[in-house]
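In terms of full-length UniProt numbering, the sequence shown has 448 at position 448, counting the first letter as 1, and numbering is strictly consecutive.
Derived from the structure by calculation, the hints contain no laboratory data.
Note that this is a predicted model, so its numbers are computed, not measured.
Do not take every clue at face value.
[What the hints assert, rightly or not] In the DSS-like style, the derived pairs of lysine-lysine whose C-alpha atoms are separated by at most 27 Å in a straight line are: (1) K77 with K143; (2) K218 with K302; (3) K327 with K133; (4) K302 with K152; (5) K162 with K133; (6) K133 with K159; (7) K432 with K422; (8) K312 with K77; (9) K386 with K432; (10) K332 with K312; (11) K448 with K432; (12) K327 with K302; (13) K432 with K159.
[Stated by the list, open to error] Computed spacing ranges between beta-carbons, pair by pair: (14) G16 with K422: 51 to 57 Å; (15) K422 with M457: 31 to 37 Å; (16) R261 with L14: 31 to 37 Å; (17) Q266 with E194: 28 to 34 Å.
For each residue, glycine too, the CB sits at the ideal point set by N, CA and C.
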Amino acid sequence: MELNKKHGYLIQWLIGVGDLVVLNLLFFIVYYGLNNLYTSAIAGSLREVVLLLNFCYFFSLYFVPLQLHMSIVFIDKIVQRAFLLVTIMTFLFATCLIFLNVGDVLATFLLIYYVVTIVIFSLWRVIVRVTLKMYRRKGYNFKKIVIVGAGKNGMELYKVMKDDLSYGFNILGFFDDNLSLKSVLPNYLGMTNEVESFVLANDVDEIYCTLPGTNDEKIVRLLNFAEKHMIRFYIVPEFYRNLKKSLVMEVLESIPLMTVRREPLQAAYNRALKRTFDILFSTVILVTIFPILYIVVGIMIKLSSPGPILFKQKRTGLYGQDFRCYKFRTMKVNAQADSLQAVKDDPRKTKVGDFLRRTNLDEFPQFINVLRGEMSVVGPRPHMLKHTEQYSALIDKYMVRHLVKPGVTGWAQVTGYRGETKTLEQMEGRVKRDVWYIENWSFFLDFKIIVVTVINMFKGEKNAY
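Construct the complete structure from the given sequences, taking the supplied hints into account.
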């Protein structure tokens, strides 16, 4: 057991050394590649600058610890964490250079290093993770584990671990007090009172307990045993199967609390980051692009049909509160605007409106809503009040999408769920993606959605009508 644990720490240490090699190599490539154009000022204190860079990397690990060696880490999270680590490190590096006056590094040099490092460092981290997964598939760097409880939860856990060897689990077998399983399970190891002796004799690294809550005494006994022998102990809650999703653990004093949903935007830091970006992004749009767009599009709308340039409609926002959502008017003035969704070849649309919808230009006035704090640049799209009333009665998770501010664009819209929802299944698909966005929010994800939205504006979308 001790050798296996040391092996895990060795891999973690090697990844850290690899990080340093990549970061320093990129620094010198950028430094010498610029050929003194932006780097002559630090030539005299190059050693101090490099040492400072390495210090900033180690300090950044406090905020973004290494996780590549862990059994369950996904590629998108690896890229996000690499992006966050490089951003924090570069910010600290620049701040220290300014306050410590260690060389006069120009902003251009730092910007080039930052961009190059994000790309190459993210690629390096992905390569390391893929290599580690291949290494585990060949039977190396495995953790020896046992599962206590061979009920439905235990069997489902076994299947998940067994189906993907890259997780790095070597499942030795099951312990369960149901003796009839002995003839059914080929890897049945014995009753629950035999766990301790087997674990010690076979250098087991982790115990996964799937016993029902009625077995409190057994669970506590196994937990105490595991902690005494420095073995990691995991409990699978028996009610998780009814939730069909990940549970999130929180702690109030010493009392564990479980919630059914991870919400990154519950953190004040993340909310502040998102709101700051919303203000800056919407201000830039409203000051630069929107005035010209308003004049040009406004003239086109006025010439196409009588009525106002902007269309204001009550929609459902954060926590179910109503707000007036702004759009460029794309239809003739009609009595059904607040109740009837636009459809393909809708007779209410004007020719100008059809163009505005296809290119997403009709949404630009919503940056006013963003600046006012009623919307965000990215989030679930706001629906008409009638649709909120209708679908909240038909779809269980529908109102969950209102736990964050609605967005000018969203995850559902860039993954094929833009425009008219002809069937209940289509709306369920949109809601599913909206909820996924709420549970998996990151600044990197918002940036990705914005980029895809801009690309789609130029490509055009078949569901944009």
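Here's how the hints hold up against the structure:
Distance hint between K77 and K143 is fulfilled; the C-alpha atoms sit about 22 Å from each other, no more than 27 Å. This hinted pair does not check out: K218 and K302 have alpha carbons roughly 76 Å apart, beyond 27 Å. Proposed proximity of K327 and K133 is contradicted: the alpha carbons are some 48 Å apart, above 27 Å. Between K302 and K152 the alpha-carbon distance is near 65 Å, which puts this suggested pair outside the 27 Å criterion.
For the suggested pair K162 and K133, the alpha carbons sit about 14 Å apart, so the restraint of at most 27 Å is met. Our distance criterion of 27 Å between C-alpha atoms is met by K133 and K159, whose separation comes to about 18 Å. About 16 Å separates the Cα atoms of K432 and K422, which keeps this hinted pair within 27 Å; it holds. The straight-line distance between the Cα atoms of K312 and K77 is roughly 39 Å, outside the 27 Å bound, and the hint therefore fails.
Our distance criterion of 27 Å between C-alpha atoms is met by K386 and K432, whose separation comes to about 20 Å. Between K332 and K312, the direct Cα distance comes to roughly 14 Å. Compliance with the 27 Å bound is thereby established for this hinted pair. Note on K448 and K432: the hinted pairing holds, with a Cα-Cα distance of about 19 Å set against a maximum of 27 Å. Only pairs whose Cα atoms come within 27 Å are accepted, and K327 paired with K302 is accepted, the gap being roughly 14 Å.
Our distance criterion of 27 Å between C-alpha atoms is met by K432 and K159, whose separation comes to about 25 Å. Checking the proposed 51 to 57 Å range against G16 and K422 shows it holds: the Cβ atoms sit about 52 Å from each other. Under the hint 31 to 37 Å, the C-beta atoms of K422 and M457, about 24 Å apart, miss the expected range. Between R261 and L14 the beta carbons are some 36 Å apart, a value that agrees with the proposed interval 31 to 37 Å.
Between Q266 and E194 the CB atoms are about 43 Å apart, so this pair departs from the stated range of 28 to 34 Å.
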